[in-house]
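> Protein chains in written order, with my numbering: chain P, 1 to 387; chain X, 388 to 686.
Don't read these hints as lab results, they were simulated from the structure.
Here a beta-carbon is modelled for each residue, glycine too, at the ideal position from N, C-alpha and C.
It is possible that some hints are incorrect.
In silico DSSO-like cross-links for lysine-lysine, where the CA-CA straight-line distance does not exceed 30 Å [claimed, not checked]:
1. P:LYS222 / X:LYS426
2. X:LYS426 / P:LYS98
3. P:LYS221 / X:LYS426
Below, a sample of chain P positions facing chain X; criterion: calculated Cβ distance under 8 Å [what the hints assert, rightly or not]:
4. THR180
5. PRO202
6. LYS241
7. ASN244
8. THR256
9. VAL320
10. ALA371
11. ASN379
12. ARG380
13. MET382
14. ALA383
15. GLY386
Far from chain X, by Cβ distances over 10 Å, these chain P residues were calculated [said to hold, decoys possible]:
16. ALA173
17. SER250
18. ALA279
19. PHE282
20. LYS335
One letter stands for each residue in the lines below.
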Amino acid sequence: MVERPDIRALVPRASAARLSRRAFLSGLVVIGGTSVLAACAKSTGFAPSALPDGRVEGKLNVYSWGDYDDPSNIRSFQKSGTSVQFDSFGSNEELIAKLGATRGTSGYDIIVPTGSYIPMMAKNGLLEPLDHRYLKNMGNIDPLYLDQSWDPGNKYTVCKDWGTTGFVYDTRAIKRDLLTWGDFLDAATTEASKNVALLEDPWEVACTFFAANGIDPNTTKKADLEAANEYLVNTLAPHVKAFNSVAVTSGIPEETFTLMQAFNGDVRQGLLATDKPDAWKFVYPTPTANLWMDNWAIARGAQNMDAAYQFIDYILKPEVSFREVDYIGYSTGIKDLAAMAKKHDFSYPELVFPDAEVIQRLTPAEVNSSAGELVAILNRMMAKAGS
Amino acid sequence: MARRKVNGYAAIGFPTWAYVVFFFIVPLALVLWYSFGYKPDLFTAHANDILSFDRYAEALDATFVGTFWNTLRIGVIGTLLCLIIALPFAYWLAVKMNPKWRPLALALVLVPFWTNFLVRTLGWQIVLSPRGFLSDALQNLGIIHGRLDILYTQSAVQLGVVYNYLPLMILPLYVAIDRAGRPLREASADLGANRWKTLFTVTLPLAVPGIASGCLLVFIPLMGDYITASVLGGAQGNMIGQLVASQFNTAQNWALGSAMAVLLMVFTAAAVIVFGAAGLIIRSLVRRSRRVQLQGGAA
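The shape of chain P in the complex, shown without the other chains:
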């Protein structure tokens, strides 16, 4: 069924009110001009959010990553009378740019940012604080995934799903057991040389070196960054075949690589697609790796507050949440999902629900002052690998 969306335009709220269809067409040039001016000027005003009043609105606008929610869940939620409109973004930067530029008039109610970006978004006033009274099902979440360092007390967000980073290798090409990031780097520069795929993510690539050398992956020390640059660019880069964040989903069935740095749920997708899953081994490497979390949050300026709270609360129900896990292939952090997975004959549960011991040792990535240098290191690696 196709819902007819309201016309939305990225214009200041004052002009949005008087924007008819005709004005929209004939006034494009004027809007172009004013938005150029708006981009130059630094305005601070924010359109206010609506307050929850107990009357659930008939619509809800969600801005999320593409194909990131089970359509059957959305359909059953819509039976309550609220139609849900999904738009998708491709990166946190895109999300932030749009919310920042519209200053509360984006029209989106629910957004799905990644944990490491939340302090920045909160600081810039892009998020509405959550009123936990409207989220009765928050108790269903495993405490491991509450109260994260980037959002103490879940002031702004609730866990949508989370994952971690590890590596997967072809046991026909690498005949020894790899367990640590040190092993990964060693195999990458020997048996797997020229057959290695790294994630196209500056933090993740640098983390392989930091973790292997017992350095905090969120380090901002100059000496650490210099050491990482030296090793990654001069030693590792010439052995790398590709920097590709989705390499693993096709790389396993097509056997394009023998060693791949990868997110856990993506490895599961790759294994489900291959006819030789036994040839591959996935490792949650020691001593640490990223714990990334995507989160439900309410955008500043949201107009459908009641529907937004109702949707988030609905998605936190265990049976709804399990359907989400089954669809997206990542854990949603709800309690007892692993037991439900067993009951439903869920394949490769170990790739979605790692042991508690693994989870304890993970380090959430931070966006900090080293971010620019990490990007520069990755770019230097790519240039080196291509020369």
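Given the structure of chain P, go ahead and fit chain X onto it with the hints provided.
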């Protein structure tokens, strides 16, 4: 009266100049303006209260220069390959083909071009995969031993850009050759030239503007392309567009990204000027060697 006339032309031209101003001059000026700024802190993409050329110094490091040469090589080889493939095809289309079938042939060129760029490029991932059908077929025919190892190499990028930009070469060439027209070719034959001589002295010289515009249409977007390289290229086929994209998307450093974009534009324009000058020199040499001396007339 004259003044009113000028205003009248300005009004008629409104869509054109408004388009140029708002979608070309203003964005370009913004990029230029940002490139003189800096990234003030982690959460801000750019600031322009202090202006400097520092971002250009920062952008022009060994990474940028090395990647630029890599990109230039892919761009030049890609453009030449497109030309070599498109020229016989466009000639056949304009001269040899039954005009009845021409719309169909043009549609076959254009329809893939309307398909989403990313989807078309991803399609090659499947074709080139080591366990894909092409790999199997080549192995069965004994052409390669062991699996096809092209995906995530520079060859894959080269192939991808030729595939993606080929229609942009075929169309102007087709138009240019078509415009040369049958009467001129017939006249050439009547005057005793054989087919090759007609091709090299009549059809091709008249197609030169088409060749030039086809080369520009392929070369310029190709230099800024980063989708083909990031989908098919892997580490070996890194292109400069990816560096610019990483500054805007990942590093959130619009100042440095803008400086890189400006440098890319300047260098690409310089390359076009160099190749254009070389083309003009070659053309004048060819003309000189072929100059027709009329009996009794001055040269």
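> Could you run down the list of hints and mark each one as holding or not?
Hint check:
Among the hinted pairs, LYS222 of chain P with LYS426 of chain X is consistent with the structure: their alpha-carbon atoms are about 19 Å apart, no more than 30 Å. Proximity of LYS426 of chain X to LYS98 of chain P is assessed by CA-CA distance (about 19 Å); at most 30 Å being required, the pair is judged to hold. About 20 Å separates the Cα atoms of LYS221 of chain P and LYS426 of chain X, which keeps this hinted pair within 30 Å; it holds. The closest approach between the C-beta of THR180 of chain P and any C-beta of chain X is roughly 24 Å, which is over the 8 Å cut-off, so the hint fails.
Contact between PRO202 of chain P and chain X, as hinted, is supported at the beta carbon level, the nearest pair being about 6 Å apart and thus within 8 Å. Taken as an interface hint, LYS241 of chain P checks out: its beta carbon lies about 5 Å from the nearest beta carbon of chain X, inside 8 Å. The restraint placing ASN244 of chain P at the interface with chain X holds, with a minimum CB-CB distance near 7 Å, inside the 8 Å limit. Checking THR256 of chain P against chain X by beta carbon gives a least distance of about 6 Å; that is within 8 Å, so the hint holds.
Given hint, VAL320 of chain P at the interface with chain X, is violated; its Cβ is 32 Å from that chain's nearest Cβ, farther than 8 Å. Look at ALA371 of chain P: its Cβ gets to within about 7 Å of chain X, closer than 8 Å, so that hint holds up. With a least beta-carbon distance of about 6 Å to chain X, the hint placing ASN379 of chain P at the interface is held under the 8 Å criterion. Contact between ARG380 of chain P and chain X, as hinted, is supported at the beta carbon level, the nearest pair being about 5 Å apart and thus within 8 Å.
Checking MET382 of chain P against chain X: minimum C-beta separation of about 5 Å stays under 8 Å; hint holds. For ALA383 of chain P, the interface hint holds, the least distance from its beta-carbon to any beta-carbon of chain X being 4 Å, beneath 8 Å. At its closest, the beta carbon of GLY386 of chain P sits 4 Å from a beta carbon of chain X; the interface hint therefore holds under the 8 Å criterion. The beta carbon of ALA173 of chain P is kept farther than 10 Å from every beta carbon of chain X, the shortest such distance being approximately 13 Å.
With a minimum CB-CB distance of about 7 Å to chain X, SER250 of chain P fails to clear the 10 Å threshold, and the non-interface call is violated. Distance check on ALA279 of chain P: its Cβ is at least 12 Å (rounded) from any Cβ of chain X, clearing the 10 Å threshold; non-interface status holds. Taking the minimum C-beta to C-beta distance to chain X, about 20 Å, the non-interface status of PHE282 of chain P holds against the 10 Å cut. No Cβ of chain X approaches the Cβ of LYS335 of chain P within 10 Å, the least distance being about 35 Å, so the stated non-interface status holds.
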